[in-house]
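Peer 1: Residue-level listing of the chains:
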Amino acid sequence: SQQGEEDPQALSIQEGENATMNCSYKTSINNLQWYRQNSGRGLVHLILIRSNEREKHSGRLRVTLDTSKKSSSLLITASRAADTASYFCATESGGYNKLIFGAGTRLAVHP
Amino acid sequence: EAQVTQNPRYLITVTGKKLTVTCSQNMNHEYMSWYRQDPGLGLRQIYYSMNVEVTDKGDVPEGYKVSRKEKRNFPLILESPSPNQTSLYFCASSSTRDGQETQYFGPGTRLLVL
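Protein chains in written order, with the numbering used here: chain A, 154 to 264; chain B, 246 to 359.
Please note that a few of the clues may not be correct.
[As the list claims (entries may be wrong)] Using 20 Å as the maximum straight-line C-alpha spacing, the simulated EDC-like pairs for lysine to aspartate or glutamate come out as follows:
1. A:Lys209 / B:Glu346
2. A:Lys223 / B:Glu298
3. A:Lys251 / B:Glu246
4. A:Lys222 / B:Asp283
5. A:Lys251 / A:Glu168
6. B:Lys310 / B:Glu346
7. B:Lys263 / B:Glu246
8. B:Lys316 / B:Glu246
9. A:Lys179 / B:Asp304
10. A:Lys251 / B:Glu324
11. A:Lys222 / A:Asp236
Simulated from the structure, these hints should not be mistaken for lab results.
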């Protein structure tokens, strides 16, 4: 079952611009995580935000969480061509590490 | 180096021929999981294991088996593969301790069943 749904499905921007991706989910969660995947490769963890947190930063990444709206956003500031990848949100609930992934947002950053 | 390894990375097989995809992690993680990734569907969990000898079904377990005899290994077994199991498979592991929920993913195994 899919819990998280990312929006937009695809995003194309120029280097230096900011990229914002959104994730909505359906049930209550313990935490929400964002992962990055370069084409056909394994996923790399970017950031985890817990249900009692509203905002978190890591380098050029900013994640927000609104549990009342069951939504999260990932902002990548000053994007680079190397940020081109697919980005997935994943929710964890139930307390036993099970992650439910959305279908992902494909980000293309053009030089 | 902390890592999750999978073998093989690429596999072409025929319907009905049993195969095993191995997964190994060197981080002493309790939790391990298998996912399949199909276009437009994101990652879906096949099976997971909370620790040695403890396994449970994920969202799409039909046609798959797993075992967890040792902490570091979590093989995925397809007893009789079918074309609808053609997919990209990922193994992942994580600690179960609070604050260490980050999952580490293997590089993926691309399977084609003819």
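Peer 1: Indicate, hint by hint, whether the structure satisfies it.
Peer 2: Hints, verified against the model:
1. A:Lys209 / B:Glu346: 16 Å, holds
2. A:Lys223 / B:Glu298: Violated, because 35 Å separates the two Cα atoms, which is more than 20 Å.
3. A:Lys251 / B:Glu246: Between lysine 251 of chain A and glutamate 246 of chain B the Cα gap is close to 25 Å, so the pair fails against 20 Å, i.e. violated.
4. A:Lys222 / B:Asp283: With Cα atoms ~28 Å apart, lysine 222 of chain A and aspartate 283 of chain B exceed 20 Å; violated.
5. A:Lys251 / A:Glu168: 35 Å, violated
6. B:Lys310 / B:Glu346: 24 Å, violated
7. B:Lys263 / B:Glu246: Distance ~32 Å between lysine 263 of chain B and glutamate 246 of chain B Cα, so the pair is violated.
8. B:Lys316 / B:Glu246: Holds - the C-alpha atoms of glutamate 246 of chain B and lysine 316 of chain B are around 18 Å apart, at most 20 Å.
9. A:Lys179 / B:Asp304: Holds. Lysine 179 of chain A to aspartate 304 of chain B sits at ~16 Å (cutoff 20 Å).
10. A:Lys251 / B:Glu324: 25 Å, violated
11. A:Lys222 / A:Asp236: 28 Å, violated
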